[in-house]
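The chain contents come next:
2 protein chains.
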Amino acid sequence: MSRSDTREQIIAAGMKCLVEKSFNAVGVQDITDTAGVPKGSFYNHFESKEALGAEIVARYGDNETRREILTDPNVPPLQRLRRHFERISARFEDSHFTRGCILGNFSAELANQSALIRESLQRLYALWTKDLAAVIAEAQENGAVANKTKASDIAALLLDGYEGALLRARVERSRKPFDRFMKFAFGQILV
Amino acid sequence: MSRSDTREQIIAAGMKCLVEKSFNAVGVQDITDTAGVPKGSFYNHFESKEALGAEIVARYGDNETRREILTDPNVPPLQRLRRHFERISARFEDSHFTRGCILGNFSAELANQSALIRESLQRLYALWTKDLAAVIAEAQENGAVANKTKASDIAALLLDGYEGALLRARVERSRKPFDRFMKFAFGQILV
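So the protein sequences, as listed, match chains A and B. No gaps in the numbering here: position 167 of the first sequence is 167 in the working numbering, and each next residue is one more. No gaps in the numbering here: position 34 of the second sequence is 34 in the working numbering, and each next residue is one more.
Don't read these hints as lab results, they were simulated from the structure. Be careful, since some hints might not be right.
Copies of the same chain look alike in the list, so a pair counts if it works inside one copy or between any two.
With a Cα cut of at most 20 Å, we get these calculated SDA-like pairs of lysine to any residue [said to hold, decoys possible]:
#1 176 x 186
#2 176 x 152
#3 150 x 50
#4 183 x 63
#5 148 x 188
#6 130 x 179
Could you put the whole structure together from the sequences, leaning on the hints where they help?
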């Protein structure tokens, strides 16, 4: 196995462990066991579990599926936004709400513990908000959305509202918080 | 020190540790050190750290200051809601965003780890939402809010949106997410 393959396997294993479990409850050994690589190899690729955490947050920012859905030129902007939220909700529901979102989980658990991860979360918030704002601005320009609030403010509100809805969805093990979020987002904000 | 004093000191110390640090990063020893009681005494009062966590969530539900603000008969309902959110935002800001909310933190970190804590979080969500919904219903009845959406749905949306805003506020170490939340809550939802 090449050096870069091992690195990718560690990242994939880290993602798998960390969407289901607390960062502080997952050890390097859990991650290398999941990756099927020797524990010692971890430190050839990452200085610390914290460094892996920051890399995982950066990967979330580069999510190609999200960007493809949000920029699909064949779909009207409001429908792209709807598909984006529906797709992520479906993933949480498919996992029976055992999975969380790296953005929300790490923000709650690590904002006050790791400056490195907090900075990577800042970049992820900015990036995701920007991707959403571009689509909202398009909907405002083509008249689908009459709400004149700055697109970047609507985008940030929606992303924050979604992360909050996800917290409750995981506790209630129910998609109701998502449904309520969608109703407000598309019925009272994006109007 | 009486038995119940020790128990209260452990709960207070647990709250102090757990609003700033991850549940999985805080040990029983950290809590008893903060409380100034011997480690062994912890288990005279709680079966486990998990049981203490559930008790702390239950205490959050009983928060008297929140209820006093939300039910103050001398203040119009919309202003009570505003004061409620402003008060909790001020506490986070005063801590320079090092404090989190037990509801949001535990939901993110423990929903998938502890059934006991998840159940206590379900009760806290229900209780807090009910307290908010009562004030919103009052504002709908007296005509201050024309929005005909069910008060309990508006309440749940606002609580979730606030918890999401708090996640970002802690990462950005800024009150901007709170200001944005308030602008939408009072400018586009509670209208």
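Hints and how they fare:
no. : hint      : in the structure
1   : 176 x 186 : within (15 Å within a copy, 23 Å between copies)
2   : 176 x 152 : between (26 Å within a copy, 13 Å between copies)
3   : 150 x 50  : neither (35 Å within a copy, 44 Å between copies)
4   : 183 x 63  : neither (26 Å within a copy, 30 Å between copies)
5   : 148 x 188 : both (13 Å within a copy, 12 Å between copies)
6   : 130 x 179 : between (24 Å within a copy, 19 Å between copies)
In this structure, the hints that do not hold are numbers 3, 4, in rising order.
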